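Enquirer: Residues per chain, in single letters:
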Amino acid sequence: MLEFLSGLNDKPFEAVAIILFGIGFTTLFLHPNLIKKIMGLNIMDTAVYLFLAAKGFIYGRKAPIVVDGVTSMEAYINPIPSGLVLTGIVVSVSVTAVMLALTVRLYRRYHTLDIDEILKIIRKEGN
Amino acid sequence: MSKIRRDYENSLWRKLVRFVYGENDSFHEKAGYDIEHPETEKRKEETFFEEVDYTKKKKESDKFFAKYSAIAEKRGEKVYNHFYKFLAAITCFSIIMILLVTVAKLPSFGNPDNPVNNEVSERYIEQGLEETGAVNIVAGMILDYRAFDTLGESHVLFIACVCVMILLRLDKETNDPEKLKALENDRDFEPKNEAILQHAAKILVPVIILFGIYIVLNGHISPGGGFAGGAIIGSGLILYLNAFGFKKTEMFFTTKTFSVVSVSSLLFYSLSKTYSFFTGANDLHSIIGPGTPGAILSAGLILPLNIAVGAVVACTMYGFYALFRKGGI
Amino acid sequence: MEILYAILLVFLIVCATFACLHKNFLTSVIIFMSYSVVMAIVWMLLESPDLAITEAAVGAGVTSILFFVTLKKIHAMDQEKNCDEETDTSEI
Amino acid sequence: MDFIKNFPFFSIIICLVSGVLTSVLKKKAARYLTYTALFVLFVLSSLVLFYTIQTGDYYVYRMGHYFAPWGNEIRIGVLEGIFAVFFCIVMLLSIVAGEKHIDEDVESTKINLYYTLICLMMSSLLALTYTNDLFTAYVFIEINTITAACLVSVSGTGRSLYASTKYMIMSLLGSGLVLIGITLLYDVTGHLLLSNIHDSVETIMATGEYAAPMTIIIALITIGLSIKSALFPFHSWLPDAHTASTISSSAILSGLVLKGYIIVLIKFFYRSIGWENVLKTGINDVIFVFGIMAMIVASLFAIVQKDIKRMVAYSSVAQIGYIFMGLGIGNEIGVIAAIFQIFAHGVTKSMIFISIRGFKDVSEHSTRFDGIKGAALRNKVSGVAFAAGAFSMVGIPFLPGFVSKLNFAAAAGDFGGTKMIIILVALAFSTILNCIYFFNALITLYTPVVMSEEEKAKRSVKSGALYIVTVVCFILVNVFVGTFSAQILDLIESGLKMFS
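Chains A, B, C and D, in that order, give the protein sequences. Positions 1 to 127 (the numbering used here) are the ones given, in order, by the first sequence. Positions 1 to 329 (the numbering used here) are the ones given, in order, by the second sequence. Positions 1 to 92 (the numbering used here) are the ones given, in order, by the third sequence. Positions 1 to 500 (the numbering used here) are the ones given, in order, by the fourth sequence.
Simulated from the structure, these hints should not be mistaken for lab results. Wrong hints could be hidden among the right ones.
[Claimed, not checked] Straight-line C-alpha distance at most 20 Å; calculated PhoX-like pairs for lysine-lysine:
1. D:Lys100 with D:Lys28
2. B:Lys326 with C:Lys81
3. B:Lys172 with B:Lys247
4. D:Lys373 with D:Lys462
5. D:Lys26 with B:Lys172
6. D:Lys27 with B:Lys172
7. B:Lys15 with C:Lys23
8. A:Lys120 with B:Lys247
9. B:Lys85 with A:Lys120
10. C:Lys72 with C:Lys23
11. B:Lys67 with A:Lys124
12. D:Lys26 with D:Lys100
13. A:Lys124 with D:Lys100
Keep in mind that this is a model prediction, so the values were computed, not measured.
Work out the full structure: start from the sequences and follow the hints.
Expert: Pasting the structure below:
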């Protein structure tokens, strides 16, 4: 059954990134608790950025900082994924901050962190 | 016998199975912050009929009937819960398997002739130095080649801070009783001024902020840049706030400084980028030259932009913490 | 060198699963913090230092501080609600 | 390079700068700055539209000194021009109509922050229509998500906080899938620019080397964007979000936010994958099926609702189903009909949400059917507006809804085969369902209710003159889109030709 996964054995970082994406996605999707959902969201985002950073890596090449004037392409890895992931990390922080602010407001209003519980209270009280 | 049973009960595999099949007691936070689930307790000490007069018995049977219908409805909901959780677990598992299969077919890890290493990355590396003057090619790419993304990026951070302000800021003149109550008890959450934290902060805070400034200033030479340096300065300020309390921090960092610093650096960022985009699009000569690579004051606009982004990120990170903690910056 | 990759990656997966499965919030936030730090180290190994510094400062630093302050805020609201209703809640 | 080419870039920067400025201004100053900014935007976008119609071809605006694959680039054609003008009109009218009501719903000290959200929402919508780079689209999708979630939760009631959290979680699931789609696409093609991706996709489709991952990538990005634009199976966040938010937020959310993601999807299909390759992978049939299901099931849900706002929200889900069904048909006319439906639904649905707030004023803040009985007699203007919106949705001639239904039938006719039968049956059935719930709402609104004196006093609050003027403008815009639909369709057709 595992021969179609054989392509993964020389790709350790991508395989782990996809597994982490699965863990984060499942937690965000399944877990009723809000804080665990946000944690799942963070894990999902960092997993995608790990995948993107692993795509830029080239064996035997150094970080894209020009060292003593060498500017040939063979000396450095691909800088584009680093640029994209830098942008992505800040997006994850801002989304986490907004979600946590919503959680605090929800807890102040409903005194529970469980999103199904909140739905029941809303249905009962009507607001 | 029971010891084996108990080990089996809380072994990892049993927990995973129960997590997948959705009995939620292994995850349902008994110890955490949820209220205890009333109906599980209620059902245990449920008493049946005693000899009572007719009206009381009528009321009793109504309550009894209501409870049973509640349980029936609760069971319906439990079945739905199980079904929904099982279906959701299946969809997540299938998504992960599909992704694993696609990743297996993708170009291999780390070999030089991937489709990713094409003429786009070649130009960034080959002419990156003399076109942008930034030794750190990634910083050159972010703040000069693809600057529109990073412009959007710092506005993502700004809009997140505005959202947290809308949600958590407690203004004096709100008439909402819940907010006013929250306003008082936030005030008494002043940090506890322990001596240990204050002494540690006295040594650590200057070092952290100095290191953050170093990262911001050398953004185009060594790795780092506006985002990393700003976050370091922001956490230095948070440490200072925790150690010395709101009164001392408000001496040098109030709402006015926050809005002045973040708005002015965002405006500087937008206007300088408008200038460079406008001159670029209309093929006018822009007066910003790449400067001598390696020197601090080189790489054209990248240094001031790094300082602006560092200021925005530092203010926003500190703003997040202060808004959460005190409901105001 | 391969062994180091393997150890870190297995550590990442273990941290991620336990951060999501653990009942207590404070422990799962601490496990999440270690997840971010190890992610920063992995990015160092993948030759992208910019990401390592940013992930360490922003991911491990500020995100975890925000989680902690949310827990503190929730615990504070819990205390204040309790002194109205005198029901006990377990320590964090 | 004549000066008018800079206008799209200027409009994005104006939004960003005015967004930053309003966060520190006072309430009244922030409000008038937003109005002037949006009016200037409207003028700039219409000038750009006329310019692109005259030149008859798209042009590429290079952001900075470096050409496209290296630097950023925005691309402006007739279609982007129409979208920009449409966004400006609906945004401006929604906010001006909601001015008095925003003061009631939002805390007085935070109203300038509300206008910050509006400006940055506008900049993300414009950037999403103009951008030619996939990662810039992702960054502005994130800005759009955060602003939309905060627009829902700005009123601060428990229900709006819950709706905003649910919306945020579903939306972030969607953008997680979009992000992994973009990463895989970048990894396989090596480019982030939509037009360059097209050439690599052609070679991939030809050699078939990465053909399987290619379909998965298209599927991921399509599912991600359809989650964000509330296509049928993923629509559960939309009714809560639209019912709980304030007047202008619900108008903007249903009229504009959902459309931004559909525009990115169309751009992704047309420009980077190429319409024939999309047909080859068969993704459009999946969208077609979801669209048909949305039209039928969402309309059934709308009938059983007891709250008029939830009913209109479910009808939004049905109309989004129309758009995706149009995309799914597969021929050129289907896409044109879908794009026209984007305008028709945007203009009509925002007007309906604005008019519902008018009913809420005159019936003690209740939007349930028993509460608003006879409200249209008390608040004449919103009664007329709701009637116009309902007629347009149902498909009365001279109104946009009718023209889009006509186009869908024409597209079905042109395509022929079993799809044509399915479409025509679904169109007829969902129009009947539309009639049922919209006319039911109209009847309850127009039934006179005998009220005692003090009830009459309580329920006769007068909505401001500005509200009446803007609602009349909304009706005029609707009639304009309905009557001049032939010219608009030609513009869309010419725009679509230069779109790929």
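Enquirer: If a hint holds in the structure, say so; if it doesn't, say that too.
Expert: To see whether the hints hold, each was checked on the structure:
no., hint, result
1, D:Lys100 with D:Lys28, "holds (12 Å)"
2, B:Lys326 with C:Lys81, "holds (18 Å)"
3, B:Lys172 with B:Lys247, "holds (18 Å)"
4, D:Lys373 with D:Lys462, "holds (17 Å)"
5, D:Lys26 with B:Lys172, "holds (16 Å)"
6, D:Lys27 with B:Lys172, "holds (16 Å)"
7, B:Lys15 with C:Lys23, "holds (12 Å)"
8, A:Lys120 with B:Lys247, "violated (42 Å)"
9, B:Lys85 with A:Lys120, "holds (18 Å)"
10, C:Lys72 with C:Lys23, "holds (17 Å)"
11, B:Lys67 with A:Lys124, "holds (16 Å)"
12, D:Lys26 with D:Lys100, "holds (16 Å)"
13, A:Lys124 with D:Lys100, "violated (31 Å)"
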